[in-house]
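The lines below spell out each chain.
2 protein chains.
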Amino acid sequence: MTPTITDQTRITMAHGAGGRAMRSLIESVFIEAFGSTELARMEDQARLDMARLAAQGDRLAFTTDSYVIDPLEFPGGNVGTLAVNGTLNDLAVGGARPLYLSCAFIIEEGLEVALLRRVVHAMRDAAQEAGVSIVTGDTKVVPHGKGDKLFINTSGIGVIPKGIEVAASRCQPGDRIIVSGTLGDHGAAILQARGDLALDAELRSDCRSLHGLIELMLDQCPEIRAMRDATRGGVAAILHEFAEASGCAVRLFEDQLPVKPEVRGVCEILGLDALHFANEGKLVAVVPAAQADGLVARMQQHPAGLDACIIGEILDGPGGRVQVRTLMGGERLLDLPVGEMLPRIC
Amino acid sequence: MTPTITDQTRITMAHGAGGRAMRSLIESVFIEAFGSTELARMEDQARLDMARLAAQGDRLAFTTDSYVIDPLEFPGGNVGTLAVNGTLNDLAVGGARPLYLSCAFIIEEGLEVALLRRVVHAMRDAAQEAGVSIVTGDTKVVPHGKGDKLFINTSGIGVIPKGIEVAASRCQPGDRIIVSGTLGDHGAAILQARGDLALDAELRSDCRSLHGLIELMLDQCPEIRAMRDATRGGVAAILHEFAEASGCAVRLFEDQLPVKPEVRGVCEILGLDALHFANEGKLVAVVPAAQADGLVARMQQHPAGLDACIIGEILDGPGGRVQVRTLMGGERLLDLPVGEMLPRIC
Numbered sequence: 001m002t003p004t005i006t007d008q009t010r011i012t013m014a015h016g017a018g019g020r021a022m023r024s025l026i027e028s029v030f031i032e033a034f035g036s037t038e039l040a041r042m043e044d045q046a047r048l049d050m051a052r053l054a055a056q057g058d059r060l061a062f063t064t065d066s067y068v069i070d071p072l073e074f075p076g077g078n079v080g081t082l083a084v085n086g087t088l089n090d091l092a093v094g095g096a097r098p099l100y101l102s103c104a105f106i107i108e109e110g111l112e113v114a115l116l117r118r119v120v121h122a123m124r125d126a127a128q129e130a131g132v133s134i135v136t137g138d139t140k141v142v143p144h145g146k147g148d149k150l151f152i153n154t155s156g157i158g159v160i161p162k163g164i165e166v167a168a169s170r171c172q173p174g175d176r177i178i179v180s181g182t183l184g185d186h187g188a189a190i191l192q193a194r195g196d197l198a199l200d201a202e203l204r205s206d207c208r209s210l211h212g213l214i215e216l217m218l219d220q221c222p223e224i225r226a227m228r229d230a231t232r233g234g235v236a237a238i239l240h241e242f243a244e245a246s247g248c249a250v251r252l253f254e255d256q257l258p259v260k261p262e263v264r265g266v267c268e269i270l271g272l273d274a275l276h277f278a279n280e281g282k283l284v285a286v287v288p289a290a291q292a293d294g295l296v297a298r299m300q301q302h303p304a305g306l307d308a309c310i311i312g313e314i315l316d317g318p319g320g321r322v323q324v325r326t327l328m329g330g331e332r333l334l335d336l337p338v339g340e341m342l343p344r345i346c
Numbered sequence: 001m002t003p004t005i006t007d008q009t010r011i012t013m014a015h016g017a018g019g020r021a022m023r024s025l026i027e028s029v030f031i032e033a034f035g036s037t038e039l040a041r042m043e044d045q046a047r048l049d050m051a052r053l054a055a056q057g058d059r060l061a062f063t064t065d066s067y068v069i070d071p072l073e074f075p076g077g078n079v080g081t082l083a084v085n086g087t088l089n090d091l092a093v094g095g096a097r098p099l100y101l102s103c104a105f106i107i108e109e110g111l112e113v114a115l116l117r118r119v120v121h122a123m124r125d126a127a128q129e130a131g132v133s134i135v136t137g138d139t140k141v142v143p144h145g146k147g148d149k150l151f152i153n154t155s156g157i158g159v160i161p162k163g164i165e166v167a168a169s170r171c172q173p174g175d176r177i178i179v180s181g182t183l184g185d186h187g188a189a190i191l192q193a194r195g196d197l198a199l200d201a202e203l204r205s206d207c208r209s210l211h212g213l214i215e216l217m218l219d220q221c222p223e224i225r226a227m228r229d230a231t232r233g234g235v236a237a238i239l240h241e242f243a244e245a246s247g248c249a250v251r252l253f254e255d256q257l258p259v260k261p262e263v264r265g266v267c268e269i270l271g272l273d274a275l276h277f278a279n280e281g282k283l284v285a286v287v288p289a290a291q292a293d294g295l296v297a298r299m300q301q302h303p304a305g306l307d308a309c310i311i312g313e314i315l316d317g318p319g320g321r322v323q324v325r326t327l328m329g330g331e332r333l334l335d336l337p338v339g340e341m342l343p344r345i346c
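Chains as they are written, first to last, in full-length UniProt numbering: chain A, 1 to 346; chain B, 1 to 346.
No lab work stands behind these hints: they were computed from the structure. Please note that a few of the clues may not be correct.
A pair holds if it fits inside one copy or across any two, identical chains being indistinguishable in the list.
[To be verified] Derived SDA-like pairs (lysine to any residue); straight-line CA-CA distance at most 20 Å:
#, residue 1, residue 2
1, LYS162, GLU38
2, LYS146, GLY195
3, LYS146, ALA193
4, LYS149, PRO75
5, LYS149, THR139
6, LYS146, ASP196
7, LYS146, THR182
8, LYS149, GLU109
9, LYS149, ARG117
10, LYS149, PRO173
11, LYS146, GLU244
12, LYS149, PRO343
13, LYS162, PRO222
14, LYS146, GLY57
15, LYS162, THR9
16, LYS162, ARG52
None of these values were measured; they are calculated from a predicted model.
When you get a sec, could you build the whole thing from the sequences and use the hints?
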């Protein structure tokens, strides 16, 4: 007799043990939502048509991320939205067209199925919106107190079209640095959702997929040198990676940084810099100077790029240095934080 | 200043926060061990040559598994051995040649780097032995009490050569069922390692990669109908999947089941059936009757198949039924367990 799964069901160790209870959970929650024929075959692997992949480009992109965000649900999304869009974005910023995702759930005993369903439905919606399929998965259950409700891993496969070469090492002196929108919205929203802030602001995560915007950007400007989505560590971490990989320096213009007033308020309260806050739907791109203005104008026509702007430039050196031209006209160094600023932000 | 990582370092939240501490951990533990040029590029994704993939077959195989085993270290391996071999095996049993792995770590605050290093070195060794590369990864840290030392996800990519069609639905009446060796070694070893057994037996996990053995099997018998590695849920779970997917029934011969005496002892103490115990280096294959004996003989020449034997046959029906011809000559049904028998076995 197979135990039925309802919204009121709480996950038990049996749901991860490989028997009927696990089958029932997989069928009534995961396959029901994702509805992929590959997943429904219940083989240990998805099998993807090679000719279809090879027709789209000359390199396969492959990436992985685990999502351990706290809280699981927040204004603007939940861990499922994040797990799909975050991994899609990691593919897209390399110039890849995202195609397939895996999903692996580590569930803490006691989790309500109602919450799991909300997360899984958010994953389904995000995948559908992006035109990707969730094709293979895994479910594990850990005892109460040995996890934290739900951790999700997604790995992604995409294809990079011939001729596209996006890499941090390609940044050159004189290039411009573009950001696709306001900084720090995700980080501020999560802090607010945790109740860490005595602030009444309307903060909302910017969690979204970027590959539509990126397709348009690469179409307009195939010479984009480097691109990253500015998640954990924020724009500051990305710029440090660019500076170190290319042996160049970076200069930001403080007066050009797009930050919503309510996020600026959070930063001021905490004494933190929005450049260090996580984003989940913003990218940083480095492009040849001659093409920067045209590209920004084009980006602003896309819903994910409405607030796109130029925020800085690549300098000759010293290699690895990231500096900010302040509002007052001075220069300050922007350090890569040593440690923990915003734990479990993604 | 970048904090240095030694064996005595304990993981802090900072090691997952996207700043210098995380960089330092990734460089001195993960890149140091895996040494893959793709990983060392520190881009958000690996980029794999499509022509090289397409030259090896007409389908890309893609799989994922999270590993939450308790304890992390056990006779015969550790969670790292398991995380590499388990995912490789999921690719190989579909007829794929495993090529690339991702690895994503969820680390509980407080974990000693010495343990992490042992796990990572085991992953490196297992990957090298199997000839696969670990090309992309992720690190997250959760607070003390919100995880259990270490969870690892690996996702894998392989290529299935043209003409190979291995699927549970292809089992046909008259086919023979082969197992590659003794049953239940992993499950019994983990129970012993947990101290759950008042038993002095020398139990050792059978954790190993199977794709060498599988290559040889497909070479000898490309008509293999179905293949699975018998992990969580044991051989019993696999046979239920075969019976349901093919609409056939399965009959096992109890007197043919290979079980080590010390594992049989564990089963007797616990009143459990070795057919339900997890294995981490054993496969079940269904093959046309005419080729079964020859294939078994060939398997026995490979280190991973020394104890290979025929354990049963596929029957016309009733569809989904799995029965055992007992030592006494009677027949009993082998049920798929409803719930939890051996939690966190992988």
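A quick look at each hint next to the structure:
1. Taking CA atoms no more than 20 Å apart as the test, LYS162 paired with GLU38 passes between copies only; the shortest distance there is 19 Å, against 28 Å inside one copy.
2. Taking identical chains as interchangeable, the C-alpha atoms of LYS146 and GLY195 lie at most 20 Å apart only when they sit on different chains, with a minimum of 19 Å there against 24 Å within one chain.
3. In this homomeric assembly, LYS146 and ALA193 come within 20 Å of each other (Cα to Cα) only across copies, at 19 Å, whereas the closest approach inside a single copy is 23 Å.
4. For a Cα distance limit of 20 Å, the shortest separation of LYS149 from PRO75 inside one copy, 19 Å, qualifies, whereas the shortest one across copies, 30 Å, does not.
5. In this homomeric assembly, LYS149 and THR139 come within 20 Å of each other (Cα to Cα) both inside a single copy, at 13 Å, and across copies, at 19 Å.
6. Proximity of LYS146 to ASP196 under the C-alpha cut-off of 20 Å is restricted to the inter-copy arrangement: shortest distance 19 Å between copies versus 24 Å within a copy.
7. For the homomeric pair LYS146 and THR182, neither the shortest alpha-carbon distance inside one copy (37 Å) nor that between copies (32 Å) is at most 20 Å.
8. Proximity of LYS149 and GLU109 under a CA criterion of 20 Å is satisfied in both settings, with 8 Å inside one chain copy and 17 Å between copies.
9. Taking the shortest Cα distances, LYS149 and ARG117 sit within 20 Å of each other inside one copy (13 Å), while across copies they are farther apart (27 Å).
10. In this assembly of identical chains, the alpha carbons of LYS149 and PRO173 never lie at most 20 Å apart, being 47 Å within a copy and 44 Å across copies at closest.
11. Within a single copy, LYS146 and GLU244 get their C-alpha atoms no closer than 38 Å, and across copies no closer than 34 Å, so neither meets the 20 Å cut-off.
12. Proximity of LYS149 and PRO343 under a CA criterion of 20 Å is satisfied in both settings, with 16 Å inside one chain copy and 17 Å between copies.
13. In this assembly of identical chains, LYS162 and PRO222 lie within 20 Å of each other by CA distance solely inside one copy; the values are 11 Å within and 35 Å between copies.
14. Within a single copy, LYS146 and GLY57 get their C-alpha atoms no closer than 43 Å, and across copies no closer than 42 Å, so neither meets the 20 Å cut-off.
15. In the homo-oligomer, the alpha carbons of LYS162 and THR9 never lie at most 20 Å apart, since the shortest distance is 49 Å inside one protomer and 44 Å across protomers.
16. In this homomeric assembly, LYS162 and ARG52 come within 20 Å of each other (Cα to Cα) both inside a single copy, at 15 Å, and across copies, at 15 Å.
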